[in-house]
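Using the hints, position chain B against chain A.
Sequence order for the protein chains is A and B.
Positions 0 to 387 (numbering that gives the first Met the number 0) are the ones given, in order, by the first sequence.
Positions 0 to 197 (numbering that gives the first Met the number 0) are the ones given, in order, by the second sequence.
I should point out that these hints are in silico values taken from the structure, not numbers from a laboratory.
Treat the hints with care, since some could be wrong.
Here are the simulated PhoX-like pairs of lysine-lysine, each with C-alpha atoms no more than 20 Å apart in a straight line [claimed, not checked]:
id, chain 1, residue 1, chain 2, residue 2
1, A, K41, B, K130
2, B, K130, B, K45
3, B, K130, A, K308
4, B, K45, A, K41
5, A, K41, A, K308
6, A, K308, A, K138
Residues of chain A placed beyond 12 Å of chain B at every Cβ, according to the derived structure [stated by the list, open to error]:
id, residue
7, M12
8, S114
9, G119
Label-pair ranges, simulated between beta-carbon atoms [claimed, not checked]:
id, chain 1, residue 1, chain 2, residue 2, range
10, A, S114, B, N155, 54 to 62 Å
11, B, I20, A, N7, 20 to 28 Å
12, A, S367, B, S22, 43 to 51 Å
For glycine and all other residues, C-beta sits at the position ideal for the given N, C-alpha and C.
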Amino acid sequence: MKKNSGFNLIELMIALTIAAGVLALITSSFSQLYNTFIFNNKVLNINQDLRLTMQLLKNDVNNAGIFGSFSFHNESAASSYAVSSVTTPSCTNSAWCNFESNGVGVKSFTSDVDSIIPSGYPALASNSEILRIQYGGNKVAYLDPRDRNGSGCNTSYRCTIDKCSTSPLRSLNWAYFINSGIESNASSYMLTSANRAYLLKFANSSVFTTGDANLLVGDLLLNFPTSSGCPIAGGVSLKIESSIAGTAPTYNYTAYDPDMFSLQLVNFYTRYYFVLASNANYAAGLYVRTLQSSGSLSAPMLVSSNVNKLTLSYIVDNATSLNKTLNDQAGRFAYCSSANMSSSGNTRCYNQWNKIIAVNLNLVGSGSSSSMSNDQIFESMTETVGWR
Amino acid sequence: MLKSFKSAGFSLIEVMTSVAIVSSLGMAIYKLQLVSLATSQQTITKQLMLQYADNLVNQMYAHENSIVTAGDNTSLGLMPGYSSTASNSAYVETSYLSATSPTADCSTTTCNDSQLASYVLNTWKTNLTTKSNVPIANIKAIVCKDSVLGVPSMSNPNCNGSGTQLVIKIVWQPHNYDVESGVLLSNNNYVMLRVPGR
Numbered sequence: 000m001k002k003n004s005g006f007n008l009i010e011l012m013i014a015l016t017i018a019a020g021v022l023a024l025i026t027s028s029f030s031q032l033y034n035t036f037i038f039n040n041k042v043l044n045i046n047q048d049l050r051l052t053m054q055l056l057k058n059d060v061n062n063a064g065i066f067g068s069f070s071f072h073n074e075s076a077a078s079s080y081a082v083s084s085v086t087t088p089s090c091t092n093s094a095w096c097n098f099e100s101n102g103v104g105v106k107s108f109t110s111d112v113d114s115i116i117p118s119g120y121p122a123l124a125s126n127s128e129i130l131r132i133q134y135g136g137n138k139v140a141y142l143d144p145r146d147r148n149g150s151g152c153n154t155s156y157r158c159t160i161d162k163c164s165t166s167p168l169r170s171l172n173w174a175y176f177i178n179s180g181i182e183s184n185a186s187s188y189m190l191t192s193a194n195r196a197y198l199l200k201f202a203n204s205s206v207f208t209t210g211d212a213n214l215l216v217g218d219l220l221l222n223f224p225t226s227s228g229c230p231i232a233g234g235v236s237l238k239i240e241s242s243i244a245g246t247a248p249t250y251n252y253t254a255y256d257p258d259m260f261s262l263q264l265v266n267f268y269t270r271y272y273f274v275l276a277s278n279a280n281y282a283a284g285l286y287v288r289t290l291q292s293s294g295s296l297s298a299p300m301l302v303s304s305n306v307n308k309l310t311l312s313y314i315v316d317n318a319t320s321l322n323k324t325l326n327d328q329a330g331r332f333a334y335c336s337s338a339n340m341s342s343s344g345n346t347r348c349y350n351q352w353n354k355i356i357a358v359n360l361n362l363v364g365s366g367s368s369s370s371m372s373n374d375q376i377f378e379s380m381t382e383t384v385g386w387r
Numbered sequence: 000m001l002k003s004f005k006s007a008g009f010s011l012i013e014v015m016t017s018v019a020i021v022s023s024l025g026m027a028i029y030k031l032q033l034v035s036l037a038t039s040q041q042t043i044t045k046q047l048m049l050q051y052a053d054n055l056v057n058q059m060y061a062h063e064n065s066i067v068t069a070g071d072n073t074s075l076g077l078m079p080g081y082s083s084t085a086s087n088s089a090y091v092e093t094s095y096l097s098a099t100s101p102t103a104d105c106s107t108t109t110c111n112d113s114q115l116a117s118y119v120l121n122t123w124k125t126n127l128t129t130k131s132n133v134p135i136a137n138i139k140a141i142v143c144k145d146s147v148l149g150v151p152s153m154s155n156p157n158c159n160g161s162g163t164q165l166v167i168k169i170v171w172q173p174h175n176y177d178v179e180s181g182v183l184l185s186n187n188n189y190v191m192l193r194v195p196g197r
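So that you can see chain A by itself, here it is in the shape it has in the complex (with noise of 0.2 Å):
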């Protein structure tokens, strides 16, 4: 009869052994292959959520300083275009008062100048700095040039142009624009033409509802200074071009304004982009404020917690005019950080914020995998926007 013996205790044990090992083995390959997964899924994480961001930022950039149809870009260096001046109720709000005409819509900032981080909230992340950002978005109302094909204007019925009247007032006296969804407790709008970009603050809704019976209620009306430059009292008054030229109306027709029926009313935007550190009460991350319609600025919203570092950086083109000529023109092209574009020592940067051609965006994220406490993951994204 065959001997039917198990294993020895000795086999056993080697058996054992081995199998261990093995066992061994195929566990931590396989938690390094896990580790790796969940180390390469924190990194594409972080990197989605920089994309995310940056697309967010470049969106801004590539709309700062574009008013309807007028850009500040290449544009703002030339004097005569860069008018702002217009007679409103009331400019009380600082992010509103902050607009620039002498800029492209974009600035930075080394610190809170424009104090746009409300109490309570972190400081600003170490070595971040903060991107504003201004444009005008949609159109809200066109201009209705109120023409009656020669028939009287008179007081019931005013004309932007008064053809037929032979008073030597006759000419630019009104604007209107027909109401589509003003809101009239808004108080950032942009009236924009072809060449000019003017601040529209409204304290009241009274703008919107004049007594004209031409007039639905809602529709903006705004008083042209007469020739002697005074505005009309009660309304919005704005000054164009052959006011503030001196030129007044005259009686052949043609004392109007180029620009006028280029008018637009748009909405206007101001964004804040900072990053913060962390406090008991808010994550770290990238925070954002945009300009309400109310004229205030709304709370910080956290727009990325894996953001901890924003900086920009400009190429700024010293030409004085686009000639082909001036290629290789000697001295034409600076590299401005933030910090030399408001150090007045800085003869290449100093405020040259209108003469910006492109704008770099640096985006840093860092963390770490939860696998690998030691793995600690650093992403930074560098991207440009280049108007064009």
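Positioned in the frame of chain A, the structure of chain B alone reads:
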């Protein structure tokens, strides 16, 4: 007497054989995991490299838009840094290696077109090698003229130098190169981005 029931277990050889079969299956699965990991790593790297290439294109565009090139047809499609005298784009590189020193440091001094182009390329390449922070052992990049979009390798950018259109090519060598089967992945460690002229 009862007939004895033969009750033998598996022999050692049988057990070894079955363990060998099972473990080879396990190894195959493990290998598959590794390859899949390498592929996802490759994808991440590729995405990052495309972002880098895109960044350079945008910088070139920003530069290009501020330059009015000569109105004749021969200059159409040429990129910024176009020199009226050298009749060539300052963005075309000959070096396939790391960044060459810029002709001027535009962050401390003002620059002309070709100096700006050289500075842009230098900072871009420096960032690529020092800040890209991707699991790669080696990286090479070039901006060149190439009318046929030749696939680059680590040793040769494969640019034919003809035409007016510029191409950005980046090639890298992953850390886990040995893991990646040559057949499956070695063909995938590059990005090419054509820079459209205007």
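### Query
Are the Cα atoms of B/K130 and B/K45 separated by 20 Å or less?
Given pair B/K130, B/K45 holds - Cα atoms ~15 Å apart, limit 20 Å.
#### Entry: Given hint A/K308 paired with B/K130 - CA-CA distance at most 20 Å
holds, 15 Å
### Message
Beyond 12 Å on every Cβ pair: is that true for A/G119 relative to chain B?
### Response
Given a closest Cβ separation of 35 Å, the condition holds.
### Task
Could you check the hint for me, namely that A/S114 and B/N155 are 54 to 62 Å apart, CB to CB?
Given about 57 Å between the Cβ atoms, the range holds.
### Query
Going straight from one Cα to the other, do A/K41 and A/K308 come out at no more than 20 Å?
With a Cα-Cα distance of about 18 Å, the restraint between A/K41 and A/K308 holds, given a limit of 20 Å.
### Query
Would the least Cβ to Cβ distance between A/S114 and chain B come out above 12 Å?
Per Cβ check, A/S114 is outside 12 Å of chain B; nearest 30 Å; holds.
### Task
Verify the proposed pairing of B/K45 with A/K41, using a straight-line Cα cut of 20 Å.
holds, 16 Å
### Task
Measuring Cβ to Cβ, find out whether A/M12 lies farther than 12 Å from everything in chain B.
A/M12 clear of chain B: closest Cβ-Cβ about 16 Å, beyond 12 Å.
### Query
Do the Cβ positions of A/S367 and B/S22 conform to the proposed distance bound of 43 to 51 Å?
violated, 35 Å
### Message
Range first: 20 to 28 Å. Now tell me if the beta carbons of B/I20 and A/N7 are that far apart.
### Response
For A/N7 against B/I20, whose Cβ atoms are near 26 Å apart, the range 20 to 28 Å holds.
### Query
A/K41 and B/K130: Cα distance at most 20 Å?
With Cα atoms ~18 Å apart, A/K41 and B/K130 stay inside 20 Å; holds.
### Query
Within a Cα-Cα threshold of 20 Å, do A/K308 and A/K138 meet the stated pairing?
violated, 34 Å
In this structure, the hints that do not hold are numbers 6 and 12, in rising order.
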